[in-house]
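**Q** With the hints as your guide, set chain X onto chain V.
Residue numbers (my numbering), protein chains in the order written: chain V, 16 to 127; chain X, 5 to 118.
Hints in this document: simulated from the structure, not taken from any laboratory.
One or more of the hints may lead you astray.
To be verified - Derived pair list, reagent style DSSO-like, types lysine-lysine, alpha-carbon separation capped at 30 Å:
(1) K75(X) with K72(V)
(2) K80(V) with K33(V)
(3) K46(X) with K72(V)
(4) K72(X) with K60(X)
(5) K72(V) with K72(X)
(6) K33(V) with K72(V)
(7) K46(X) with K84(V)
Remember, predicted model here, so these are calculated numbers, not experimental data.
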Amino acid sequence: EAQVTQNPRYLITVTGKKLTVTCSQNMNHEYMSWYRQDPGLGLRQIYYSMNVEVTDKGDVPEGYKVSRKEKRNFPLILESPSPNQTSLYFCASSFAANTEAFFGQGTRLTVV
Amino acid sequence: GESVGLHLPTLSVQEGDNSIINCAYSNSASDYFIWYKQESGKGPQFIIDIRSNMDKRQGQRVTVLLNKTVKHLSLQIAATQPGDSAVYFCAEKGSGGGADGLTFGKGTHLIIQP
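With the rest of the complex left out, here is chain V (with noise of 0.2 Å):
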């Protein structure tokens, strides 16, 4: 089954405790990317990747990091979370930036 996967579904941590989010694509996709959703805000991209080792800023870039060393994972890095980057979390993968965009069910980040 093609999809895209996300863990862990849900965090809780502690402000500054480094975490990663993984996500995986079983489709061959060249292309994914991190968005994060907020309440009256709808999705916004934070990181993007159009293939292995090349990564690239979206909207929202501060305090993200992402690797792409295999065409399938492209894990989401927070190097120290702080409160505002509590949300909703979104991997999705694609043929291409201008293509439909496969999501990840979502992984809820609670940074208290």
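**A** Frame of chain V; chain X shown alone:
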């Protein structure tokens, strides 16, 4: 139906009626548009897309209309069912060749009345 505040626009329709959800986009250079459906606790799910060289596209029970003159996109759902209750997002992609992703609207909450 785009929101600038904390509350999503809401559309309430009777089961069996047709629904029309509207979206105004901002970038006149956008050439690709998608509608997504997001149910509670789930990720956005693709419904239908349209490219700027078309003004209408039909799927199963859904139709997307694109009016580039006024930068307006709409999603029509025929014979609305309880399972159609969700938040619907429009998304656009510019034609500039950039690798940045889709720009999403803030969503419309569709509520189906029995």
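**Q** Next, verify each hint and record whether it holds.
**A** Okay, the hints, checked on the actual structure:
| no. | hint | in the structure |
| --- | --- | --- |
| 1 | K75(X) with K72(V) | 27 Å, holds |
| 2 | K80(V) with K33(V) | 11 Å, holds |
| 3 | K46(X) with K72(V) | 25 Å, holds |
| 4 | K72(X) with K60(X) | 11 Å, holds |
| 5 | K72(V) with K72(X) | 29 Å, holds |
| 6 | K33(V) with K72(V) | 20 Å, holds |
| 7 | K46(X) with K84(V) | 27 Å, holds |
When held up to the earlier numbered hints, the structure conflicts with none and fits them all.
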